[in-house]
Amino acid sequence: MHALIVVAHHEPRSLTHSVAAQIAEGLTRADPANTWEIADLYAEGFQPVFAAADFAVHHREALPPADVQAEHARIDRADALVLVFPVYWWSMPALLKGWIDRVFSNGWAFDFAGDLKHVKKLQRMRVHLVGLAGAEERAYERHGYGPAMKAQIEHGIFDYSGATVVSSTLMVESEMRDPQEHLQTAYHLGSQMFS
Numbered sequence: 001m002h003a004l005i006v007v008a009h010h011e012p013r014s015l016t017h018s019v020a021a022q023i024a025e026g027l028t029r030a031d032p033a034n035t036w037e038i039a040d041l042y043a044e045g046f047q048p049v050f051a052a053a054d055f056a057v058h059h060r061e062a063l064p065p066a067d068v069q070a071e072h073a074r075i076d077r078a079d080a081l082v083l084v085f086p087v088y089w090w091s092m093p094a095l096l097k098g099w100i101d102r103v104f105s106n107g108w109a110f111d112f113a114g115d116l117k118h119v120k121k122l123q124r125m126r127v128h129l130v131g132l133a134g135a136e137e138r139a140y141e142r143h144g145y146g147p148a149m150k151a152q153i154e155h156g157i158f159d160y161s162g163a164t165v166v167s168s169t170l171m172v173e174s175e176m177r178d179p180q181e182h183l184q185t186a187y188h189l190g191s192q193m194f195s
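FYI, UniProt numbering numbers position 70 of the sequence shown as 70, with every residue one higher than the one before it.
A couple of the hints might just be wrong.
Below, a list of computed lysine-lysine pairs in the DSS-like style, where the Cα atoms sit at most 30 Å apart [said to hold, decoys possible]:
{"no.": "1", "residue 1": "150", "residue 2": "120"}
{"no.": "2", "residue 1": "117", "residue 2": "97"}
{"no.": "3", "residue 1": "121", "residue 2": "150"}
{"no.": "4", "residue 1": "117", "residue 2": "150"}
Pair ranges (Cβ atoms, derived) [as the list claims (entries may be wrong)]:
{"no.": "5", "residue 1": "179", "residue 2": "141", "range": "45 to 51 Å"}
{"no.": "6", "residue 1": "144", "residue 2": "192", "range": "24 to 30 Å"}
{"no.": "7", "residue 1": "184", "residue 2": "121", "range": "22 to 28 Å"}
{"no.": "8", "residue 1": "177", "residue 2": "49", "range": "42 to 48 Å"}
{"no.": "9", "residue 1": "74", "residue 2": "12", "range": "37 to 43 Å"}
{"no.": "10", "residue 1": "181", "residue 2": "1", "range": "25 to 31 Å"}
{"no.": "11", "residue 1": "62", "residue 2": "169", "range": "34 to 40 Å"}
{"no.": "12", "residue 1": "94", "residue 2": "70", "range": "17 to 23 Å"}
It is worth saying that the hints were derived from the structure and are not from the lab. In this text the structure is predicted, and so the values were computed from the model without any measurement. Where is the CB? At the ideal position from N, CA and C, for every residue including glycine.
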């Protein structure tokens, strides 16, 4: 089994990157036949701006640009898609959102031609969301972050495309708690991903 782990954090020594590495380690330890690829969107210089070329793709007037086609191929090779990201303003970083805006395109992630017929094309995709958040759990519960994340990300992006969100993990107090707690959680997530 193969996982594509997408990371959206500018600092390679960050807890976000360490969590992604532990997920990969857990995958390999669970079964040496498991493989993984880490897509470091910052290091790769992914262009997140949904521009005129992407708008043309959305309206079926053009094929996706080469960088988007390369992302499609990476996702198509994966049995699981894992998004690991810091929570910025109660959502994902703009780079990751831009990656989704451009990559989850009409014709590849879904079919919609304006006749109100919508076809979900990513039914085989299994998704794991891992957000690293600075605040404490009570703050997120008090303000309804869980239902908001479910509506905005799980339903609004992945269900719209037919993908199944298998797990959604919010690692709270990421700047105050012992990082080993989050790294152990990440390792466990990786080790259980394909079991």
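Hint by hint, here is what the structure shows:
1. 150 / 120: Cα-Cα ~18 Å, so holds.
2. 117 / 97: Between residue 117 and residue 97 the Cα gap is close to 25 Å, so the pair holds against 30 Å.
3. 121 / 150: holds, 20 Å
4. 117 / 150: At roughly 24 Å apart (the allowed maximum being 30 Å), residue 150 and residue 117 satisfy the hint.
5. 179 / 141: 45 to 51 Å: With a Cβ separation near 22 Å, residue 179 and residue 141 fall outside 45 to 51 Å, so the hint is violated.
6. 144 / 192: 24 to 30 Å: holds, 28 Å
7. 184 / 121: 22 to 28 Å: Violated, since residue 184 and residue 121 (Cβ atoms, about 36 Å apart) do not stay within the stated range.
8. 177 / 49: 42 to 48 Å: violated, 34 Å
9. 74 / 12: 37 to 43 Å: Hint violated: Cβ distance 20 Å, outside 37 to 43 Å.
10. 181 / 1: 25 to 31 Å: Holds - the Cβ-Cβ distance for residue 181 and residue 1, about 26 Å, lies within 25 to 31 Å.
11. 62 / 169: 34 to 40 Å: holds, 37 Å
12. 94 / 70: 17 to 23 Å: Roughly 20 Å apart at Cβ, these two residues keep to the hinted range, so it holds.
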